[in-house]
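Each chain, written out:
There are 2 protein chains.
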Amino acid sequence: MQDSEIKIIDVKERILADNDRAAEEVRSRMKEKGVFLVNLMASPGAGKTTLLVRTIRALKDEYRIGVMEADVDSDVDAKTAAEAGAKVIQIHTGGSCHMDAEMTEKGIDEMGVDDVDIVFLENVGNLVCPAEFDVGANKRVMILSVPEGDDKPLKYPLMFQVSDVLLVNKVDTAQIFDFDFDMLRANVDRLHEGMPIIPLSAKTGDGFDGWIAWLKREVNAR
Amino acid sequence: MQDSEIKIIDVKERILADNDRAAEEVRSRMKEKGVFLVNLMASPGAGKTTLLVRTIRALKDEYRIGVMEADVDSDVDAKTAAEAGAKVIQIHTGGSCHMDAEMTEKGIDEMGVDDVDIVFLENVGNLVCPAEFDVGANKRVMILSVPEGDDKPLKYPLMFQVSDVLLVNKVDTAQIFDFDFDMLRANVDRLHEGMPIIPLSAKTGDGFDGWIAWLKREVNAR
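Protein chains in written order, with our numbering: chain A, 14 to 235; chain B, 14 to 235.
Heads up, some of the hints might be wrong.
The list treats identical chains as one, so a pair stands whether inside a single copy or across any two.
As the list claims (entries may be wrong) - The list that follows gives simulated cross-link-like pairs (lysine to any residue, SDA-like), each with its CA atoms no further than 20 angstroms apart:
(1) LYS25 x SER109
(2) LYS216 x ALA187
(3) LYS92 x PRO170
(4) LYS44 x GLY223
(5) LYS73 x PHE190
(6) LYS152 x TRP227
(7) LYS73 x THR63
Hints are computed from structural coordinates only; laboratory data are not their basis.
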């Protein structure tokens with residue numbers, strides 16, 4: 014029993030080390046091409062696709078947008094993102110609960126990034142595994158939706174530690190769900206002091222300007 | 014590259030085969046002891062803990078309840094479940110995104126099941142990995158919350174295939190989120206025809222009788 018546990022841990026460490034190397038490769042390739050890569054992470058149903066569609070619409074006159082939709086299966090989101098005006102490819106992770114850097118690199122090769130400025134990787138809906146795997150993005154963006162609750166940093170700490178900005182989606186329902194923004198701020202600060210938190214509604218557009226401004230600032234500073 | 018991919022797949026297959034053996038062992042031990050084990054799975058924030066607390070309160074005069082709270086980290090849920098009147102242990106998965114049968118067996122040993130009739134395993138909040146790992150439960154219960162959307166079966170098909178019953182939580186918000194129950198039924202039927210779907214609100218108690226009746230029927234038939 015001990016032996017097999019040790020083996021599994023070894024494999025995981027090797028996988029993560031290989032992944033880190035591949036992530037640096039992705040980052041340097043994107044830098045060379047002047048492409049800004051965003052890793053978008055959230056729970057199932059937090060509103061990744063709706064947020065992405067509104068983001069594409071807000072940016073598409075200024076930037077050429079690419080989208081890589083990672084899903085365990087299905088391609089519903091890819092169609093939606095393409096209709097919003099982005100260049101889109103669908104990646105099936107084949108049962109895996111996250112994207113890794115190698116899958117990301119394959120996606121980039123398949124899509125082609127010579128004609129895009131910003132690429133959004135919509136990761137698999139999951140707060141655990143995607144946090145562990147650096148895909149080589151310039152920025153990691155986490156969406157937490159109000160119905161999930163203000164206590165989520167306590168339960169999925171790594172995701173809050175590795176993300177660069179936290180978008181709190183579905184703020185139009187904050188009252189219904191007794192969502193406490195001060196509590197969230199305090200919970201986040203214990204893990205990642207000062208991380209920007211942007212409350213918004215991808216459905217109504219409330220607060221969206223703050224997110225677009227943050228993103229443009231980061232893209233233009235690349 | 015090919016080689017390392019093949020290796021990783023081999024390891025995963027071996028892990029799943031080992032897990033299936035361990036799951037059968039858990040199931041036969043639970044049968045011997047007359048204990049009914051429930052594997053409770055859902056996204057982060059779908060309401061697993063609130064549902065569990067109300068379930069404990071509804072059952073505790075008739076059955077002795079045990080709870081194993083699986084979390085990547087933290088023990089907020091364990092305290093809540095203990096206050097509701099269950100025998101509780103906390104399991105930290107140490108970064109893993111799911112429980113497996115071996116972890117479940119260790120949890121059972123640590124908690125002791127001679128003085129309980131029903132054990133709820135609150136799995137890690139995740140719709141991908143927990144679906145792959147049989148923990149040896151009598152029944153797998155999935156909670157989908159209304160804010161996550163009626164399209165989730167398309168994106169996380171395995172979870173809907175392996176579950177024995179689907180609880181749709183937060184029905185009190187169905188109108189706000191334009192949740193379409195007919196669409197959900199159709200999406201579920203494509204993967205798991207006729208799976209019972211029970212709409213309820215763990216917060217208000219609406220629809221809870223249906224879930225408790227289903228559970229009692231299953232427990233008493235064990």
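Okay, which hints does this one fail, numbers in order? 4, 5
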